[in-house]
Amino acid sequence: MYGLVLIFPVIAPLLGAGLAAILRNRPLAQRTVMEISVIVMALASLLLFLRVRGGYELIMAFGGWVRPIAISFRADALGGTLSLVTGLIGIAGMIYARADVAARRRRAGFDSLFLALLAAVNGAFLTGDLFNLYVWFELMLVCALGLITLDRRKAQIDGAVRYAVLSMLGATFILTGIAFVVAEAGTLELHDLRHTLAERELTLSLATGGALLLAGFALKAGLFPLHFWLPASYHTAPLTASAVFAGLLTKAGLYACLRVMVTLFGVELLPGFPPVLGIVAALTMLVFAVSALAQQDLRRLFAFHIIAQVGYMAMGLSIATMAGLQAAIFYMVHSIIVQTNLFFAAGAIARADGSFDLRTAGGIARSQPLLAGMVAVPMLSLAGIPPFSGFWAKFIVIRAGFEEGMIGLPLAALLAGLLTIVSMGSVWANGFWKSRAAGRIARPVPTAMFWAIATLSGATVLIGLFPGFLWEVAGYAAYALAMGGTR
Amino acid sequence: MSLLYALMASVIVASAVYMILSRNLVRLLLGMSMLSTGVNIVLFLAGTHLSPQPPLIEEGERILGPSADPLPQALILTAIVIGFALTLVLATLTLRAWRAERTLNTGEMRAAGDLGDPRLPGKREG
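Line order of the protein sequences matches chains A and B.
Residues 190 to 676, numbered by the numbering used here, are exactly what the first sequence covers, in order.
Residues 9 to 134, numbered by the numbering used here, are exactly what the second sequence covers, in order.
The hints are simulated quantities; they were obtained by calculation from the structure and are not laboratory data.
Don't be surprised by glycine CBs; every beta carbon is placed ideally from N, CA and C.
Treat each hint with caution, since some may be false.
As the list claims (entries may be wrong) - SDA-like cross-link-like pairs, simulated, lysine to any residue; straight-line CA separation at most 20 Å:
(1) A/K623 - A/A554
(2) A/K343 - B/E116
(3) A/K343 - B/L112
To be verified - Short derived list, chain B residues pointing at chain A, Cβ under 10 Å:
(4) L53
(5) G55
(6) P80
(7) D122
Unchecked claim - Which chain B residues stay away from chain A? Per the calculated CB distances, all over 12 Å, these:
(8) M9
(9) Y26
(10) S44
(11) P60
(12) P62
(13) G68
(14) R70
(15) P74
(16) T100
(17) L101
(18) E109
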């Protein structure tokens, strides 16, 4: 019974994707299939989460083989939590798509690609096998490329080419890293790897494999020197797609970094890794918080903030303590919800204003005060203003750094946080407070967009008001990550 | 034998990287395809080569005797399929890029960079 719950978050959207592809010429039927699949997926994720949140674990081995040989699925508190958040994003995306995705985009295959993307993300969160993890990342890449080029505009194809090439290079790093790990440990089941390697001396080939895997997954996460694909492509995609990428793809990359690094090297990592990761995290936070200040296009501006925020999570990993991991996991959940919501907000502002450009925007606070209030929640949360989720997330990750006696990294995080406040202030002043240019009128924003934003803003407020619940779950998740699962 | 494979893999990867650094999209596509071949050879080398026997349990036996490691072979098979699929996707994008921009020089493809560039004047869009 619970085995079914474990695979349903992956199977339901995959089946839906196939069915939607068959119904290619019937947009309404496609939409119905997509919405039912997403709801089933989210319910399965919820059941899974309720089962594993207290530190339990569900395991399922496929094909009738015994466990270290079979490909296995495994949900612990970490995978279950992230799968639940994926379900939430799926539901919000489904609502937003009602307004953003017209019949033309559905005929181009939006529903199938969207469902397969969600399946791939859930698969990455729930798999118990390193090679299987790589396969889910490749599926994510293919679906993301399809979604970016949905309208076949010049800019979209251009962005997709850049995204494809760099991501495929990252995948090559991952595959080479896997080869080194297989040669060293002879197994790829994450649980088995953790226990095999815990008893062995560290070797050069394992460290090389770990470094390659880290490079590959850091590219997928968009960490600093490997980020170029992200600002080149995210702003060209249809809004619903950009929003789901913004929430899930980079965070899936970071999840893989956490999972693989801790599985291979334990919580304390290798002596060489934390300083390098620390520098990468600090540069990621600072460089992109500054770059965001220069942007005028809302989609680009928020794309730079995605990268900056991933820096905070990498900082949690580079602290290399249980508290650091717990903080990184808490930050991930907060960030998935907020980043998706910000892209939704960008789409709503463009709908009201006719442009994503902050220079020509203005007056939303007066013309659509309710929408402005809803959008203020993720913006304040991103800036780290209490009582929203971003405040707690930043607070605990910076506290974890100071507790370890670090100075530079937490200070960099504080400075980046300050720059984020400035950037959000500028968005608010330009988009919401500035009076609208003469002769321009505010166009109505579709209700579906409003409700999608309201759903995610509600989640952000809930995390902000009851951070203790998520903190406790993140604690179990960090424990499951460190132990490689309960035996 | 391993040395021969290692040398072959390094030559293939080096040529692939040279192709990928080109600005021509078709060369880049061929380079990516070669790169995945090179990595597959590395993956093949990762297995232990104790014996050329296929990993099948002999009739009447209960356990597997010395045999080739089946894991890397399964991995390579999957990696070949995935590499093929991704090459196709990239080839489709290349064709689309040629049709949309009438150039294969990635240096001249500026559409994504120009979209929302803060240095360009803002324009309204739908």
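Earlier hints that do not hold, by number: Checked against the structure, the hints that fail are numbers 10, 16, 17, 18, while the rest are satisfied.
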